[in-house]
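Asker: Each chain is listed here by its residues.
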Amino acid sequence: EDQVTQSPEALRLQEGESSSLNCSYTVSGLRGLFWYRQDPGKGPEFLFTLYSAGEEKEKERLKATLTKKESFLHITAPKPEDSATYLCAVQPPPSNDYKLSFGAGTTVTVRA
Amino acid sequence: DAGITQSPRHKVTETGTPVTLRCHQTENHRYMYWYRQDPGHGLRLIHYSYGVKDTDKGEVSDGYSVSRSKTEDFLLTLESATSSQTSVYFCAISESGLYTDTQYFGPGTRLTVL
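Those protein sequence lines, which keep their order, are chains A and U. Mapped onto my numbering, the consecutive letters of the first sequence carry residue numbers 1461 to 1572. Mapped onto my numbering, the consecutive letters of the second sequence carry residue numbers 36 to 149.
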């Protein structure tokens, strides 16, 4: 069974204090790794898709990277509006469906 | 929310009663999914659909059924609700036929079974 583990479970940052979130996975032959942001009471919002080791994607203060066993979401100089739960999901090797396996998420709180 | 609506947004029901949740999309995407989200478990797939009248089970399908009679609508039914089905339910959609595919999520339905 595919395993997706996110760490830490919670992260409290001061505004401007950069940090990284980790997503490790056991699936081999990864088709894609996805990052989502989820605000309280709302559905997950798509951020990035990474397809191969070495790939990087950026959006504002967020940067996602991928290796063969894990992905990192780097938050540079965070602001209070970056407070959210960040979810990681993996898509296993080719099949006739597009099912995702999700991690439990990292809840980020940024204090002003 | 990528043209996805869910109804109702909140529902409280009693154990043993049937419940139907609706997901409606305006994107004409082929694939639709139902997930539940519980603390400590992340999002878990209940059922998914890869076309009208084409559905399959996910990892936590026991106690749930689905139907899709039109491209835009995907219904999730709890035939006889139990307290363990208290959760937040999310619908997602994705386009078809690609190497990898991004799923876009609706706003969710919070269901409480007393």
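Note that these hints are calculated values from the structure, not bench results. Mixed in with the good hints, there may be bad ones.
Claimed, not checked - Facing chain A, according to a computed beta carbon distance under 8 Å, are these residues of chain U, among others: (1) Y83; (2) G86; (3) G141; (4) P142; (5) G143.
To be verified - Below, computed lysine to aspartate or glutamate pairings styled on DMTMM-like, alpha-carbon distance capped at 25 Å: (6) A:K1559 to U:E107; (7) A:K1523 to A:D1542; (8) A:K1517 to U:E130; (9) U:K88 to U:D73; (10) A:K1559 to A:E1477; (11) A:K1529 to U:E94; (12) A:K1559 to A:E1475; (13) A:K1519 to U:E107; (14) U:K46 to A:D1542; (15) A:K1519 to U:E114; (16) A:K1529 to A:E1541; (17) A:K1559 to U:E62; (18) A:K1559 to U:E49; (19) A:K1519 to U:D73; (20) A:K1539 to U:E130; (21) U:K88 to U:D108.
Where is the CB? At the ideal position from N, CA and C, for every residue including glycine.
Asker: None of the hints should be skipped; say for each whether it holds.
Answerer: These are the hints, each one checked on the structure:
Restraint check, Y83 (chain U) versus chain A: the minimum CB separation of about 7 Å is within 8 Å; hint holds. Restraint check, G86 (chain U) versus chain A: the minimum CB separation of about 12 Å is more than 8 Å; hint violated. Hint status for G141 (chain U): holds, given a least beta-carbon distance of 5 Å to chain A, under 8 Å. Satisfaction of the interface hint for P142 (chain U) is found here, the shortest Cβ-Cβ separation to chain A being roughly 5 Å, below the 8 Å cut-off.
Restraint check, G143 (chain U) versus chain A: the minimum CB separation of about 5 Å is within 8 Å; hint holds. For the hint pairing K1559 (chain A) with E107 (chain U), the CA-to-CA distance comes to about 19 Å; that is within 25 Å, so the pair holds. Pair hint K1523 (chain A) plus D1542 (chain A) holds up; C-alpha atoms about 13 Å apart against a cutoff of 25 Å. For a cut-off of 25 Å, the pair hint linking K1517 (chain A) to E130 (chain U) stands: about 21 Å separates their Cα positions.
The hinted pair formed by K88 (chain U) and D73 (chain U) fails the criterion: a straight-line CA distance of about 28 Å is larger than 25 Å. Pair hint K1559 (chain A) plus E1477 (chain A) does not hold up; C-alpha atoms about 35 Å apart against a cutoff of 25 Å. Annotation: proposed proximity of K1529 (chain A) to E94 (chain U) holds, straight-line Cα distance about 23 Å (limit 25 Å). Restraint check for K1559 (chain A) and E1475 (chain A): not satisfied, since their Cα atoms lie roughly 36 Å apart, outside the 25 Å limit.
Distance check on the hinted pair: K1519 (chain A) and E107 (chain U) sit about 31 Å apart at the alpha-carbon level, beyond 25 Å; violated. For the given pair, K46 (chain U) sits about 30 Å from D1542 (chain A) by alpha-carbon distance, which is inconsistent with the 25 Å threshold. Note on K1519 (chain A) and E114 (chain U): the hinted pairing is violated, with a Cα-Cα distance of about 43 Å set against a maximum of 25 Å. Restraint check for K1529 (chain A) and E1541 (chain A): not satisfied, since their Cα atoms lie roughly 30 Å apart, outside the 25 Å limit.
As the CA atoms of K1559 (chain A) and E62 (chain U) are separated by approximately 19 Å, the hinted pair is consistent with the 25 Å bound. Proximity of K1559 (chain A) to E49 (chain U) is assessed by CA-CA distance (about 31 Å); at most 25 Å being required, the pair is judged violated. A distance of roughly 28 Å separates the Cα atoms of K1519 (chain A) and D73 (chain U); the hinted pair therefore is violated under the 25 Å criterion. Pair hint K1539 (chain A) plus E130 (chain U) does not hold up; C-alpha atoms about 33 Å apart against a cutoff of 25 Å.
Using a Cα cut-off of 25 Å, the hinted pair K88 (chain U) and D108 (chain U) holds, with the two alpha carbons roughly 11 Å apart.
The structure fails hints 2, 9, 10, 12, 13, 14, 15, 16, 18, 19, 20 (numbered hints given earlier, in ascending order).
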